[in-house]
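Participant: Residues per chain are reported as follows:
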Amino acid sequence: MARFKLFLPLGLFVALALLLARGLQLDPKALPSALIDQPLPEFSLPVLGAEQILSRSEVVGEVALFNVWATWCISCRVEHPYLGHLATQGVPIYGINYKDDDAAALQWLQQLGDPYRLSIVDAEGSLGLDLGVYGAPETYVVDRSGVIRYRHVGVVDERVWSEILEPIVTRLRGDG
Amino acid sequence: MWGQAILRQAYLTQALLLCLLLLPGSGWAVIETYEFSSDELRERYRVLTNELRCPKCQNQNIADSNAPIAKDLRQQLHRQLHAGRSDAEITEYMVARYGDFVLYRPRWEGPTLWLWMAPLIFLVLAVLVFLGSVRRARARPGSDSGMSETERQRVAALTGEEQP
Numbered sequence: 036m037a038r039f040k041l042f043l044p045l046g047l048f049v050a051l052a053l054l055l056a057r058g059l060q061l062d063p064k065a066l067p068s069a070l071i072d073q074p075l076p077e078f079s080l081p082v083l084g085a086e087q088i089l090s091r092s093e094v095v096g097e098v099a100l101f102n103v104w105a106t107w108c109i110s111c112r113v114e115h116p117y118l119g120h121l122a123t124q125g126v127p128i129y130g131i132n133y134k135d136d137d138a139a140a141l142q143w144l145q146q147l148g149d150p151y152r153l154s155i156v157d158a159e160g161s162l163g164l165d166l167g168v169y170g171a172p173e174t175y176v177v178d179r180s181g182v183i184r185y186r187h188v189g190v191v192d193e194r195v196w197s198e199i200l201e202p203i204v205t206r207l208r209g210d211g
Numbered sequence: 050m051w052g053q054a055i056l057r058q059a060y061l062t063q064a065l066l067l068c069l070l071l072l073p074g075s076g077w078a079v080i081e082t083y084e085f086s087s088d089e090l091r092e093r094y095r096v097l098t099n100e101l102r103c104p105k106c107q108n109q110n111i112a113d114s115n116a117p118i119a120k121d122l123r124q125q126l127h128r129q130l131h132a133g134r135s136d137a138e139i140t141e142y143m144v145a146r147y148g149d150f151v152l153y154r155p156r157w158e159g160p161t162l163w164l165w166m167a168p169l170i171f172l173v174l175a176v177l178v179f180l181g182s183v184r185r186a187r188a189r190p191g192s193d194s195g196m197s198e199t200e201r202q203r204v205a206a207l208t209g210e211e212q213p
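Chains as they are written, first to last, in the working numbering: chain Y, 36 to 211; chain Z, 50 to 213.
The set of hints was computed from the structure by calculation and includes no laboratory data. Some hints here could point you the wrong way.
[Unchecked claim] Here's a subset of chain Y near chain Z, in silico, CB distances under 10 Å, partners left out:
| hint | residue |
| --- | --- |
| 1 | K134 |
| 2 | G160 |
| 3 | H187 |
[As the list claims (entries may be wrong)] Simulated coverage check for chain Z against chain Y, where a stretch passes if three residues somewhere in it have a Cβ under 8 Å from a Cβ of chain Y:
| hint | stretch |
| --- | --- |
| 4 | 57-65 |
| 5 | 102-115 |
Glycine included, C-beta positions come from ideal geometry on N, C-alpha and C.
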C-alpha cells in the first residue's frame, strides 16, 4: 500500500500530461456545432441566378453536402476545384452563398465552374445565423430526413473528404 | 526664458502623446451605434454584448469584436431586445446556434455544471487530503516534531543542548 502511494504523484503527472497533450492536438478554432443531429433550419430564400424562392423541403430527401461559400472568402477559392471534382463523382452539393453579391457570385461560378446543384442566396446571413456559421467555408453533411450529421469548418480537400466526410456520407447512405 | 518655455511645451506634448498611446485601442473597434427605446434596454444590451462570446475571434466578446459575425450577433441582439424577448430567450437562441461556447458565463446546468462545480470538488478533495495528513501526523507515536531518534540527537548536538 505504502509503495503504491509512492507512485501516486507519478500517476497523477502522467494523467495530467496525457490530458494536456491531447489538448495540444485539438484545434481550438474548431467549435463543436450546436446543430449536430438537429434538423436543417427552415428557410425561404432565392436561388442564385434564378427567379425562384426555395424552401427547406425542396433540398432535403437524400444525403447531401451543404457548402457555405462566398466570393470574398479566400479559402473557398482554394476548395472550389475539389468540390467540382466531388460533383463529377456524383456527390450532391448544395451551395449557400453567404453574405455575397449576386453578380460577383454568378461570375465566380461562370469562371471557376459550378459544382452546386443550386446555390441558395443568403445575402443577409439569416440562414447562416440559424446554422451557426461563423466563417466560410463550412460544409454540412445532411442526411435523407434533413438532419445535420456533421459540420466541417475550413477547406474540404482530398484528405478531409476521404478521412472524414466520405465515411459519414457512406454510412448515412447505407442507413436505408 | 524663451528656450525653457519651448522645452517645457515639448515635454508636455511628448507626455500627451505617450498618454494617447496608452489608451486602449479596442474602444474604437466597434463602430456602429444603436438607438434604444429605454435605458433598461441599453443596459441589458451592454451586459449581453459583454457576456456573449464571438464565435470567430474566440477570446473577445461580441462587444469588443469587429468581426462580421460579431456585428451580425449585435444586430440580432438589438432586434430581439426591441422585440421584447427576455435575456433567457436570447441566450437560448444564441446557444441553439453556437452552442455553450458563446456564453462567457456558462449556464448552471448540463455539462457546464462541471465547470462551476470543479473548483468546489477540488477544494473538498484538498481539505480531505490535508485533514488526513494532519490526522496521520498526530497518530504517529513519539513527539509532534516528526523527527527520528537520530535526527533528534543531531539537533541536540548542533544546538549544544543537553539531551532530554
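Participant: Any CB of chain Z closer than 10 Å to the CB of K134/Y?
Facilitator: K134/Y check passes; min Cβ-Cβ to chain Z is 7 Å, inside 10 Å.
Participant: At a Cβ distance under 8 Å, does chain Y reach at least three residues of the stretch 57-65 of chain Z?
Facilitator: violated (count 0)
Participant: Do three or more residues from the stretch 102-115 of chain Z put their C-beta atoms closer than 8 Å to C-beta atoms of chain Y?
Facilitator: holds (count 3)
Participant: Double-check H187/Y for me: the hint is only fine if its C-beta lies closer than 10 Å to a C-beta in chain Z.
Facilitator: 15 Å, violated
Participant: So, as I understand it, the hint says G160/Y touches chain Z; can you test that by seeing if any CB pair is closer than 10 Å?
Facilitator: At 6 Å from the nearest chain Z Cβ, G160/Y passes the 10 Å test, so the hint holds.
Checked against the numbered hints given earlier, this structure breaks hints 3, 4; the rest are met.
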